[in-house]
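Novice: Sequence:
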Amino acid sequence: MRLHRLDITAFGPFGGTQSVDFDELSAAGLFLLHGPTGAGKTSVLDAVCYALYGTVPGARQSGQGLTLRSDHADPATRTEARLELTVAGRRLEITRQPPWERPKKRGSGTTLDKAQTWLREYDATAGAWQDLSRSHQEIGEEITQLLGMSREQFCQVVLLPQGDFARFLRADAGARGQLLGRLFDTRRFADVEKRLAERRKATEARVRDGDSALLADAHRMQQEAGDAMELEPGEPGLAEAVLAAAAVARSTVRERLTVAHCRLTAAESAQFAADRALTEVRELARLQGRFAEARQRAVRLEERAGAHHEAQARMERARKAEAVAPALELREAAEAGHRRAAAAEARARALLPETFAGAGAAGLAAAARRAAEELGGLESARRAERRLTEVVEERGRLDRQERDDEDVLREAEGWLADWDTRRAELQSRIDSAQQAATRAEQLAVQREPARRRLEAARLRDELGRDTDEAQRAALDSAQRAADARTHWLDLKEQRLTGIAAELAAHLVDGEPCAVCGATEHPVPARKFAGHVDAEAERRAEAAYQRADEQRAEGERRLGVVREALAAASAEAGDTPTARLASETSELEQEYARARRAASALHPAHEELRLAEQERERRLADRQQAEIRAASRLTRRDTLDTEQTALEEELAKARGSAGSVAARAAQLERQVAQLTDAADTARVAEDTAQHLKDADARLADAAYRAGFDTPQAAAAALLDDTAHRELQRRLDERQSEEAAVRSVLAEADTAAAAQQPPADLDAAERTATAAAQRLRDAASARDRAARCCGELDRLSARATAGVRQLAPLREEYDRVARLAFLTAGTAAENERKMRLESYVLAARLEQVAAAATVRLQRMSSGRYTLVHSDDRTGRGRSGLGLHVVDAWTGRERDTATLSGGETFFASLALALGLADVVTDEAGGVRLDTLFIDEGFGSLDDQTLDEVLDVLDSLRERDRSVGIVSHVADLRRRIHAQLEVVKGRSGSTLRQRGV
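Start counting the sequence shown at -17; every next residue gets the next number (the working numbering).
If you are wondering where the hints come from, they were derived from the structure by calculation, not from laboratory data. The reader is advised that the hints may include incorrect statements.
Stated by the list, open to error - Here are the simulated DSS-like cross-link-like pairs (lysine-lysine), alpha carbons at most 27 Å apart as the crow flies: (1) Lys176 with Lys814; (2) Lys96 with Lys86; (3) Lys674 with Lys302; (4) Lys183 with Lys814.
Claimed, not checked - Simulated restraints on C-beta separations: (5) Arg651 with Arg368: 18 to 24 Å; (6) Glu275 with Arg757: 34 to 40 Å; (7) Asp381 with Gln606: 14 to 20 Å; (8) Asp95 with Val835: 45 to 51 Å; (9) Gln112 with Arg844: 51 to 57 Å; (10) Ala611 with Val374: 17 to 23 Å; (11) Lys87 with Ala563: 39 to 45 Å; (12) Leu94 with Leu569: 31 to 37 Å; (13) Ala611 with Arg575: 53 to 59 Å.
For glycine and all other residues, C-beta sits at the position ideal for the given N, C-alpha and C.
Produce the entire structure from the sequences given, and follow the hints as far as they go.
Specialist: Quick look at the structure:
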């Protein structure tokens, strides 16, 4: 994979469009990416990762991509990252745009546009770009397949984060396992462990369920067999014991079933005989009781014979009186009608004047006709009276309306008189609120710059104190480094002064001198007091190197603090912080006052609008009141003329009555009373004649029926209830006599009466005892049969369970052994190493071998990385990492390396890991690499060796980008990509290409 060009727009700290030509940078093989802290060096690498995978590395990824947008960008500019690269022989261009909250084209506010992605491929034959896809998923799968790496692997292999590998170098086995697991994707081995553990648990559960089921069946059989089966749970050979005990129990229970069958047969025979005897005794007792009851009923009939004859005579008289009943009913109806008519006539005559007391029906009818004719002549006067009432009511309404209109006119004139003053007051309030709103908008623009200046001033003061402390620390570390260097050079000079004595200590007679070649050594040099040997010089040199590293770290920290102080000073200026805080506070207070005053703008506008509406309404009300007043004058004159004419007409019509209506009501009552009296008089005359005719017919009917008087016939009549009751008594007497004669004539009843009385209680006791013995025998037989069937079923199930449990137990033993072995808990796994750790240990061993090739060059052959599978404490083994020091010949932990040693060891580890991961990914060629920070911890010699190693990567036509703050690298590496930080956003600048 080789990167050609990167174009980013509104991405991270870059407010505009910036471009990186990787072809020009890669021409030098080694290029430097540098810039001040916070300028956006890492954002360039984030843009490469985002273009390829749609996400940025690690913790910087958040949300849906909305945080990638630059705060310096124009609102109308969309965030975009476009990367052109060659991978697997194909030249591709990837363009990605994250989600974007852009201003709405219509109206205010923003709207969210979805993320977009384009993938194009350059067709060398056609000399043009060809579109491949615009699908996020398809493009992601295509890039991952071509690179052969996930995003995590890419960030570890191509974007080498030195801090992560330094932690990896010092981490324990668990932390190393997590990183290696992500890079080499050993989830399938972890899945194997998990699958085996799940199978072990499932198989164990099945075996446990089988044992539980077998033991449950055994307990059930023990419950069914009772004392016929002896079994203790948990005893050895449970399955065989269960099957053997079940066989014995089945045999015993079958013998019990045979005995129960015999007892049941005998009980059934005895119960049948007892039931037959009980039936015969019950029949004899029934016949004897029936005969005795019939004799008692015959005696009672004889005793009531006199009453029966009287009832028959009463029924005969009632039948004769039924011929007179219609004449009696007719006479009673006529008498009742005559009484009602006479009473109605008396009530009607009581309401008439005394002048009509002796008048007959015809005289009353004539008087009613004369009163009705007089009533018809008053209809016209009644209409005039109703009209007069309407005129008076209308005149009253006009008066009330006049008073209401006068109130409306008075109120409207009073309100409109103050209109000009009120309108001027409301307009003044609107103008004041508008001015306050304008002032608030002006102050709102000044608030954010003032806040930023205040925050920058506070940061400036804090960084000023940090600068003084960092400067003092840098001076102290520089002094200590100078003293250590002087001490080291002094010891080196002393050693060179006494080097002859050091060489003479190794001279042997007869062997040539290493300096002059002579084989004789007559006067070898002697060591003087205070002689400095090589070990002392090495310790002094190591002390100087440590002091120099501390000096460089102090200078780096001082530079970082000074850069931050310069940025804060540029933002805040020279104004004191207290003054800026006071100005900001005053600005906030003034802005709050302006906002409060401006909040009255809308209520004032609304109040003015409502007041204008009220003015229009009152003007309209005044105009309508004036129009109604003019129309009332004409209407009032018309009503006065009509009222005078109606009053004259009514005075003539009502006469002495209070009103026409009163006179009409008087005549209406008189007509009704006279008419009613005439009608009731005619009805009374008719009903008297009907009553006379009914008396004659009743006397004739009684004589023909044989009664002396009509009263005797009426006394002999029976009503329906009495007639039915008397007939029922006669019928019951006849039925009872027939039933008694029938029972006494039965031959078997008479024969039973001649026998001794039946003993029913003794027969019932005998039958009850026989039935109880039968039930007991049947229950015993059913219990034995159910027990036998249940034992057969449980035995068959237990036998099947034993057969199924044997292969399950064999499977559990096999799976459990594999699961414990892969989980590192088996006794055979001496190092307690899990399967995934075993695979990762092999990968770590490959990484250590690949890293050692470069580490030996960087450390001048001193250090070698080796993999260790020793256990640490009580933990598991497999992912240990040690370093072998060639100077001492000892193997030690990587945590003992110094800061600079840790850096180039982690760099070698990162490069080795990149090679192994690349091979793991299918051998995809990686022509562009980035290394992030860490070079400031190296001395000049080690830095040269590290750069030589990185420069050797060009042998494979690779280009390496170094991301660093170290100033010395700017002198050593000519091809540079500088990130320049500014108030309007960062920019990119390429140099030395």
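Novice: Now look at each hint and say whether the structure bears it out.
Specialist: Now the hints, each set against the structure:
no. : hint                           : in the structure
1   : Lys176 with Lys814             : holds, 16 Å
2   : Lys96 with Lys86               : holds, 14 Å
3   : Lys674 with Lys302             : holds, 25 Å
4   : Lys183 with Lys814             : holds, 20 Å
5   : Arg651 with Arg368: 18 to 24 Å : holds, 20 Å
6   : Glu275 with Arg757: 34 to 40 Å : holds, 36 Å
7   : Asp381 with Gln606: 14 to 20 Å : holds, 18 Å
8   : Asp95 with Val835: 45 to 51 Å  : holds, 50 Å
9   : Gln112 with Arg844: 51 to 57 Å : holds, 53 Å
10  : Ala611 with Val374: 17 to 23 Å : holds, 21 Å
11  : Lys87 with Ala563: 39 to 45 Å  : holds, 42 Å
12  : Leu94 with Leu569: 31 to 37 Å  : holds, 34 Å
13  : Ala611 with Arg575: 53 to 59 Å : holds, 54 Å
Of the numbered hints stated above, none is contradicted by the structure.
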